[in-house]
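**Student:** With these hints in hand, go ahead and build the complete structure from the sequences.
From first to last, the protein sequence lines are chains Z and P.
In this text, residue positions in the first sequence follow the numbering used here: the first is 1, and each later residue adds one.
In this text, residue positions in the second sequence follow the numbering used here: the first is 1, and each later residue adds one.
Honestly, the hints are just simulated from the structure, not real lab data.
Be careful, since some hints might not be right.
Capping the alpha-carbon separation at 30 angstroms, the derived lysine-lysine pairs in DSSO-like fashion look like this [stated by the list, open to error]:
| # | chain 1 | residue 1 | chain 2 | residue 2 |
| --- | --- | --- | --- | --- |
| 1 | Z | K156 | P | K41 |
| 2 | P | K39 | P | K15 |
| 3 | P | K39 | P | K67 |
| 4 | P | K41 | P | K13 |
| 5 | P | K39 | Z | K156 |
| 6 | Z | K16 | Z | K156 |
| 7 | P | K39 | P | K13 |
| 8 | Z | K18 | Z | K152 |
| 9 | Z | K152 | P | K36 |
| 10 | Z | K81 | Z | K152 |
| 11 | P | K36 | P | K67 |
| 12 | Z | K152 | P | K41 |
| 13 | Z | K156 | Z | K18 |
| 14 | Z | K16 | Z | K152 |
| 15 | Z | K156 | P | K36 |
In this text the structure is predicted, and so the values were computed from the model without any measurement.
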Amino acid sequence: MKKKMNSKIDSNRIGKIKVNALRIIVYLVMALTILLMCFMPRYIRSNSFFSSALGYVERSSVIIYMLLCCLPFLFALFVVKRICDLISLGNSFSVTTLSYLTQIVTCCYIEAIINVLALILFPILLNIGFVSLNLLIVGICGAVAVFTTVLKELVKSAIRLREENELTI
Amino acid sequence: MAININLDVVMAKRKMSVTELSGQIGLTLANLSILKNNKAKAIRLTTLDSLCRALECQPADILEYVKEN
Numbered sequence: 001m002k003k004k005m006n007s008k009i010d011s012n013r014i015g016k017i018k019v020n021a022l023r024i025i026v027y028l029v030m031a032l033t034i035l036l037m038c039f040m041p042r043y044i045r046s047n048s049f050f051s052s053a054l055g056y057v058e059r060s061s062v063i064i065y066m067l068l069c070c071l072p073f074l075f076a077l078f079v080v081k082r083i084c085d086l087i088s089l090g091n092s093f094s095v096t097t098l099s100y101l102t103q104i105v106t107c108c109y110i111e112a113i114i115n116v117l118a119l120i121l122f123p124i125l126l127n128i129g130f131v132s133l134n135l136l137i138v139g140i141c142g143a144v145a146v147f148t149t150v151l152k153e154l155v156k157s158a159i160r161l162r163e164e165n166e167l168t169i
Numbered sequence: 001m002a003i004n005i006n007l008d009v010v011m012a013k014r015k016m017s018v019t020e021l022s023g024q025i026g027l028t029l030a031n032l033s034i035l036k037n038n039k040a041k042a043i044r045l046t047t048l049d050s051l052c053r054a055l056e057c058q059p060a061d062i063l064e065y066v067k068e069n
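**Tutor:** Take a look at the structure:
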């Protein structure tokens, strides 16, 4: 009995450590993305390929496209941080988690749409590197969206089970 | 749901308050009020046993089947 309780306390502690580690990773990636958002315009302006191949308006639109790409990603990271907060509060299976997962799925779709639009809007950038990178991002977004949708259904059934368990007296 | 729980009727017959009953059967007031207000989804046989013992009644006095249209 005591051994069982000890193992339960240990698993709780490990779970908390995992959530904290995930939160630190989320903060790090957020910081990296914000840094990228700050330095990317300067890099594009100073890069010889961009300055020779693109005019001022095209260069600005490429910068805007890259900043737009970062926004849904940042928002999704912020939502993941909120889910971590919910897990550490012990309220992981709630309707709020479902809405957060829906927000992540929407972010994935927005990111994919932005990248597909970039392929259409910037014909001057249509080289193998850019197209393959773009398609890779679209593929990853699609995969994340599918996995998150499956996770959403799992959380939905877990909420139903929890409710049933709570109302069994 | 088609099953009604007439706990309040039995309690009124026995002139027993919710606090008294919860103290006797070791159920929290919150759970007892869920049961009384017909919000429970299931009831354990052990709970039903302790309720019948405390209220000196049969399960049929507490539970009632009502046909739904």
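**Student:** Each of the hints needs a verdict: does it hold here or not?
**Tutor:** Results of checking the hints against the structure:
1. For a cut-off of 30 angstroms, the pair hint linking K156(Z) to K41(P) stands: about 18 angstroms separates their Cα positions.
2. Proximity of K39(P) to K15(P) is assessed by CA-CA distance (about 23 angstroms); at most 30 angstroms being required, the pair is judged to hold.
3. With a CA separation close to 18 angstroms, the supplied pair K39(P) and K67(P) stays within the 30 angstroms bound.
4. The straight-line distance between the Cα atoms of K41(P) and K13(P) is roughly 25 angstroms, inside the 30 angstroms bound, and the hint therefore holds.
5. Under the criterion of a C-alpha separation no larger than 30 angstroms, the hint pairing K39(P) with K156(Z) is consistent with the structure, at around 20 angstroms.
6. About 23 angstroms separates the Cα atoms of K16(Z) and K156(Z), which keeps this hinted pair within 30 angstroms; it holds.
7. Under the criterion of a C-alpha separation no larger than 30 angstroms, the hint pairing K39(P) with K13(P) is consistent with the structure, at around 22 angstroms.
8. Under the criterion of a C-alpha separation no larger than 30 angstroms, the hint pairing K18(Z) with K152(Z) is consistent with the structure, at around 21 angstroms.
9. Between the alpha carbons of K152(Z) and K36(P) the distance comes to roughly 33 angstroms, so the proposed pair goes past 30 angstroms and is violated.
10. For the proposed pair K81(Z) and K152(Z), the alpha carbon gap of about 17 angstroms is at most 30 angstroms, so the pair holds.
11. Of the supplied pair hints, the one linking K36(P) and K67(P) holds, its CA atoms being roughly 20 angstroms apart against a limit of 30 angstroms.
12. With a C-alpha separation of about 24 angstroms, the suggested pair K152(Z) and K41(P) falls inside the 30 angstroms cut-off, and the hint holds.
13. Our distance criterion of 30 angstroms between C-alpha atoms is met by K156(Z) and K18(Z), whose separation comes to about 23 angstroms.
14. Of the supplied pair hints, the one linking K16(Z) and K152(Z) holds, its CA atoms being roughly 22 angstroms apart against a limit of 30 angstroms.
15. Between K156(Z) and K36(P) the CA atoms are separated by roughly 28 angstroms; this keeps the pair inside 30 angstroms, and the hint holds.
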